[in-house]
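Below are the chains, spelled out letter by letter.
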Amino acid sequence: MYWRIWIGSLVKNYDMLSEIEIKEIEEEIRQYPHPSGACIDALKIIQKHRGWVSDESVKDIGRLLGISAEEVDGVATFYSRIYRKPVGRNVILLCDSISCMIMGYGSLYEYMSEKLSVRFGDTTDDGRFTLLPISCLGDCDNAPAMMINTDHYNKLTKEKIDELLDLYK
Amino acid sequence: MEKPLTEHIISSTDVTSLSQYSKAGGYSALRKALKDMAPAEVTNLVKASNLLGRGGAGFPTGVKWSLIPMEGDKSKPKYLVCNADEMEPGTFKDRYLLEGNPHQLIEGMIISAYAVQAGKAYIFLRWAYKKAEKILQKAIEEAYSEGYLGRDILGSGFDLDLSIHSSAGRYICGEETALLNSLEGKRAIPRTKPPFPAVSGLFGRPTVVNNVETLSWISHIVLKGPDWFKGLSLTATGGTKLFGVSGKVKKPGLWELPLGTTVREILEDYAGGMLEGHRFKGALPGGASTDFIVEEHLDIKMDFSTVAAVGSRLGTGTMIILDDRTCPVAFVHNVEKFFALESCGWCTPCREGLPWVEKMLTSIEEGTGKLEYLELLTYNAKYMGPGNTFCAHAPGAAEPLQSGLKYFHDDFVKHINEKRCPWR
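Residue numbers (our numbering), protein chains in the order written: chain A, 7 to 175; chain B, 2 to 425.
Excised from the complex, chain A in its bound form:
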């Protein structure tokens, strides 16, 4: 009986994380010799559910994995696809690497930047888009390329960008 109360109090400590998040993270923990191995997976799980990773979530992950919040944050801030700030409903990742530069990503950036009134790193006022640069997407023979959320697009033109942005509300 007592152990149930004890487990209950532990779970309560993570009340910032949802049950489903905890369950998914615990599943990942089982894949590794030490719970800390699941750190990146845990961050990705939180981001999948919340769009980004807050300070609170960093602390919660640390408690769940038995490592310090600083360690978790060290990992979180290292990887470019973990967001430590809120992002818009849709994230545009425009490739700014060399092949896309040669094929004219610069003018597409200026176009999109003006159209959405944001620069790299910004979110539109209505929270619809965050615009970020991404390095080479491995589609250089079809440059310029970008991703919107997890969808990949290439051979971009201004007209194509107009059509694509319309698909994301």
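Hints may be right or wrong, so weigh each one.
What the hints assert, rightly or not - If you want a taste of the chain B side facing chain A, the calculated C-beta under 7 Å gives, among others: (1) 96; (2) 129; (3) 131; (4) 169; (5) 170; (6) 188; (7) 247; (8) 248; (9) 253; (10) 254; (11) 289; (12) 327; (13) 335; (14) 339.
Unchecked claim - Lysine to any residue pairs mimicking SDA-like chemistry, simulated, CA-CA at most 20 Å apart: (15) 121/B to 41/A; (16) 360/B to 139/A; (17) 187/B to 41/A; (18) 161/A to 131/B; (19) 187/B to 73/A; (20) 131/B to 86/A; (21) 251/B to 110/A; (22) 251/B to 163/A; (23) 187/B to 37/A; (24) 131/B to 138/A; (25) 75/B to 38/A; (26) 131/B to 95/A; (27) 131/B to 173/A; (28) 77/B to 37/A; (29) 164/A to 249/B; (30) 251/B to 148/A; (31) 77/B to 35/A.
Note that these hints are calculated values from the structure, not bench results. We put the beta carbon where it would ideally sit given N, CA and C, even for glycine.
Mind docking chain B on chain A? Use the hints.
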């Protein structure tokens, strides 16, 4: 002309299914290896073929495998990791193999794992490769249900589990020891070598890390042998290679050609030559971290030793073309900015040197650069070179910088003297 790696890829948008792959002889190499060959025989065969790693460094694959201890603690697994973290700017070859023929890679991985007796294998996949992730996931499930993965594979007594690890982004994850740290859930910072991963790799266990294109070769070598493999290239190395061209050419693309095909052939016969109104000025022959080649090098053979002989590297074999209407300073600046951003920050020459280089290039491009910057840039390229840094990241960044300064010196000077970019 034989194209073993790509002949069964239907198109860049269709996946070769398990039944299509099997009909073309797929998984017969796995049967052969598991039934007729001892693990060491597989390693020796790959060694004899002289298969050089296709990820960029060109290390002999069989030698890498032979460093894995075959005795010792059997209670914990050894590991095989496929490096599918393709992030070298200008490189788009592994994506084609992953999306086009996933079973060729999986079969290669199972045979490779058997050779080193690894019990667990991972595909370390780039975050952005979402389509490849879905395709691989399905193919792995198919391989399990056919009994090619799991316990007692094809009745051989050999067990192997294979799973995908989708990364969280960062170029440095492609460095093999940084990749291992990332797989362990840590910051992807390169490790001190020795110990090498073959001795102490993932979770401290012996680990082999090979590139997608390298592992895709294994089933072919097992079936057809080292002599056949060696005969595929026009030079001594052996094999074909995926070559790519991007930039202002008529038909950018990717082709499987014999190692030793000349730059000119790839550029003219396959990429269709330069776009109307554009002239060839130079190229990075194997991704962003290789030295420029220029017009006088167009007739060199694309192979590890022949490209090295003119001071560059074959790298990933995917060329980025610099044309006369693109500013060479902007080109070099773009590449150095990438390397500065992607530095993991662990060692000083890389963490401090690359942003310094990037700042100087910004001012030269904007017309506020000084002539003394050219000396400082050369100094930095040397200081970030081999032997001064923890891993190959900064030395890789130094390659396009030092060769750019050499071949396009006049263009750099013109920016500084005219206080503007002549291309704008």
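Do the hints match the structure? See the list:
| no. | hint | in the structure |
| --- | --- | --- |
| 1 | 96 | holds, 5 Å |
| 2 | 129 | holds, 5 Å |
| 3 | 131 | holds, 5 Å |
| 4 | 169 | holds, 4 Å |
| 5 | 170 | holds, 4 Å |
| 6 | 188 | holds, 4 Å |
| 7 | 247 | holds, 4 Å |
| 8 | 248 | holds, 5 Å |
| 9 | 253 | holds, 4 Å |
| 10 | 254 | holds, 5 Å |
| 11 | 289 | holds, 6 Å |
| 12 | 327 | holds, 5 Å |
| 13 | 335 | holds, 5 Å |
| 14 | 339 | holds, 6 Å |
| 15 | 121/B to 41/A | holds, 18 Å |
| 16 | 360/B to 139/A | holds, 19 Å |
| 17 | 187/B to 41/A | holds, 12 Å |
| 18 | 161/A to 131/B | holds, 18 Å |
| 19 | 187/B to 73/A | holds, 12 Å |
| 20 | 131/B to 86/A | holds, 16 Å |
| 21 | 251/B to 110/A | holds, 16 Å |
| 22 | 251/B to 163/A | holds, 18 Å |
| 23 | 187/B to 37/A | holds, 15 Å |
| 24 | 131/B to 138/A | holds, 18 Å |
| 25 | 75/B to 38/A | holds, 18 Å |
| 26 | 131/B to 95/A | holds, 19 Å |
| 27 | 131/B to 173/A | holds, 19 Å |
| 28 | 77/B to 37/A | holds, 14 Å |
| 29 | 164/A to 249/B | holds, 19 Å |
| 30 | 251/B to 148/A | holds, 12 Å |
| 31 | 77/B to 35/A | holds, 18 Å |
The structure fails none of the hints (numbered hints given earlier).
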